[in-house]
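Colleague: Produce the entire structure from the sequences given, and follow the hints as far as they go.
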Amino acid sequence: MTTPPLETDVVVVGGGVTGVAVLRDLALRGVHAILVERFDLGTGTSGRWHGLLHSGARYAVRDQESARECIEENTTLRRIAPHTIEDSGGLFVLLPGDDEAYAAQFVEGCRASGIPTEELSTAAAHRREPLLAPDVRLAFAVPDGGIDSWALLRSMAADAEARGCQVLVRHPIVGVERTGDRITAVRVHDAVAGQDRTIGCQWVVNAAGAWAGDVGRMAGVPLTMIAGKGVMVVMASRYVRGVVNACRKPADGDIIVPQHQVAILGTTSEQVPSADDISVPPADVDRMIDMCAQMVPAIASGRVLRAFAGSRPLYRPEAPAGNGGASGGDTREVSRTFTVLDHASRDGLDNMFSIVGGKLTTCRQMAEAVVDRLAERMGVTEPCRTATEVLPGADHGHHELAAPLARVEQDQAYGELICECELVTRGQVREAVASGLTELEDLRRKLRLGYGPCQAAFCAWRAAGMLAEGSEEGDPVAGLERFLEERWRGQQSTIWGDQARQALLNHAIYRGIFDLRGDGVPDEAAAVSPEDGA
Amino acid sequence: MRADVVVVGTGPAGLASATRLAEAGRQVLLLARGNGFTHWGAGSVDVLGRIGGEPVERPLEAVDRLPEGHPYHLVGQAAVRDGLDWFSRFTAAAGLAHHGDLEHNRGQVTAFGTLRPTCLVPEPAAGELGGRVAVVNFAGFRDFSPALCAQRLRQAGIDATPASAPLPAWDHDRYFTGVELARAIDDAGFRRRLAPGLARAAAGADVAVVPAVLGVGRGHEPWADLQSLVGMPLVEAATTPPSIPGLRLFAAYRARLEQLGVRWQFGFPAVGVERDGDRVTAVRSEGASRVQATRCQELVLATGGVAGNGIEANRDGTLTERVAGLPVDGFGDRLGFLGTRFLGDQPLAAAGVRVDGELRPLDASGAPLLANVRCVGGLLAGHDPTVEGSREGVALATAARVADLLAATPAR
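Line order of the protein sequences matches chains A and B.
Residues 1 to 534 (the working numbering) are what the first sequence spells out, left to right.
Residues 1001 to 1412 (the working numbering) are what the second sequence spells out, left to right.
For the record, the hints were derived by calculation from the structure and aren't laboratory data.
There's no promise every hint is true.
As the list claims (entries may be wrong) - To spell it out: a stretch of chain B is covered by chain A in this simulated footprint if at least three of its residues, at any positions, have a beta carbon under 8 Å from a beta carbon of chain A; those stretches are:
#1 1110-1119
#2 1231-1242
#3 1337-1343
Keep in mind it's a predicted model, so treat the numbers as computed, not measured.
In this text, a Cβ means the ideal position worked out from N, Cα and C, and glycines have one as well.
Modeller: Set out below in structure tokens:
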């Protein structure tokens, strides 16, 4: 069986928020494009972060260009994608050991960058965040928020596909065909069908984020990305209503982001040789907890669900050619702004652009910048409309923590709960199965099934049962074993106390009561797709 | 407060120890933080299900193949036999007859359609899966999937077909758990309304596998009654916690302990001990508003391992025994707690207190630490109750040993 070659105007490489935003921007300008992604959407950095919708305040002192980009896009995303945002607000708090002079710089930096701030009395700060440390000296409110990157990805991808563009997941790029100074086609591997495909194209946009250097190498252009690993810790409850930041020079463990029903503590910043290094040393977990507990003391004795690491897509133009360079350094000094690279003027490769650096909050702006340059070269005069065209699904306002509970109450669906921790109902699972999802992993990303404190002990096998009822084909038990092994990987550095007990009870259920032994699961079950955050 | 013997823990080991000591004439106080592994298990008696991952056919014989230091070696085969004999007598008298013996393991059907190796199973789970097997769920019950169960049974060569039986109208149309369904099935009228639908769903089969929810407050009577109403053997499949067969057993223990005059403080975790030299003189437990001390002659710790909350796993890789601060071998760091695969072995599950042949805790050098403290069940080092499938067997054998040791001690 052979698959016919594909043809398109633009191939976008990378299914993170940047690539998908580029695809949507092209679609809105009437340009046909195909996005290729090696795993699933959002399995790289876009799925492995703390979920902060930046107000920009974190960069207000040292990196005002990034700060201005953030507040601009924060406002835009609230307009075009409110359903992906939890409007929780944020605080910056000054603790006894912190430098008051920094607080003054912070206020001035926010003012200069156009970020609205309000100084709160410590009493007001404690009313807003009752678990805040009693010895907080100063508190500033900023328009931080939470954003669900999977919801954002799904919305942008659906919009682009509805406008005729294509998304190919599980299609890693394996080669680039060049004739002289031009790319004529991109070769991808269809990991599901197990065969290579060729996509003929006029243009290529490299939006592979932390992996952009690998794509550059295939195309024959030098491009040095710095892999800046950040470790994040997921706590079993929220602790805070809104985001809480330490008002100090950015450092390890200075932010708590409430997301859905958990809190995510962030983060470290360490240069590592490869963006695929997502290991989580226990010492990093300990440091996150100890530092964040300075702001919210209850975290010190709290229950940790899991930990994960992501790789920031950092680009340093003056870095010497070659892959990565040194490792071990703090990567916070590298600017968080973004850069468009036109490889025609830079490297003599006529028809490829790279978009590097940046952050999730600015993904739309990054896409606009690169597509503006590309459109000019293509002779497309249609202007960018992504800042004004509202995304599909945006008709319900901001998403709220209590929304799933309200839905369950409205439907009187208490008895239909498959995942009690995340309030996922039988109806939702049935609908997802009917739409063609066959893997528990996909159900998890779509429905948040299995994210809660029990880490899927009770819902995973219920959902596997529904998969078995939905189809005679496939082996739901093997699928379940695969799912359980994947969930396990994010937990090992965070197992102690209550969560150790939970892990052993889960083990006693699946291995003890059900006598499952994982015979069908290869050791490298991990390789099916990369583990993702939250 | 004062007691002759304080038993801490209401899992399989604590319940058996307290009952047996009271039967031997000791005055017993039972202290517990909460429910134990009666509620978390498969509802059967595992003695030795697997060695090195391979199923064991003859559990008593296979005990010899266990490594040195295993609790079975410390108490001996006689205690294993005594423990199970006592349990069989106790449960039969309580209307919870079990099938099986120490010479053979048998397969207990689970909601996954696996046949887990175990030793004694309650009568409602003991039926043979021969001929045509209907796998039937009660409509709306979330913790049983006939499709999943039947699929695995077919892989094992059993002619299994999934089906669903409607529930009669009842108070819990919108939300119910296994416990609520089991309580409803305790009612004879409900069973009469339930039976026709179940019979229709299983029509043409020789035997029906159903989730283990056939009554919780009346022993095995609801199962026997429903079976005769349906007119075909019903076999209960083990499903996720809480284990309803375990709840039946727990209720039987509680009734027996009350009958024996055992005082019972549930929800009052033991948090420390008072010592005089190598003897514990009192147990401290958390009360409603204060810590109370109960003076005692003997202390039996049946608090469980890490899973049972008898041992705390600390962030730095060390382990702490929660009541008497007994030494427990820890790990270099917490990455050593668990294996790299969830369904593999978990080193933390085997962590426990090392004891001598009289179940007294040992210090790091191997010398007895406390003369009047005995450790039983999951708290003991040297075994992994889940991976070996030995939880109830170790509990009953060590309870037998404790009853033997302490019954012989004259009251002071």
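Colleague: If a hint holds in the structure, say so; if it doesn't, say that too.
Modeller: A quick look at each hint next to the structure:
1. 1110-1119: holds (count 7)
2. 1231-1242: Coverage by chain A holds for the stretch 1231-1242 of chain B (4 residues, Cβ < 8 Å).
3. 1337-1343: holds (count 6)
Of the hints listed earlier, there is not a single one the structure fails to meet.
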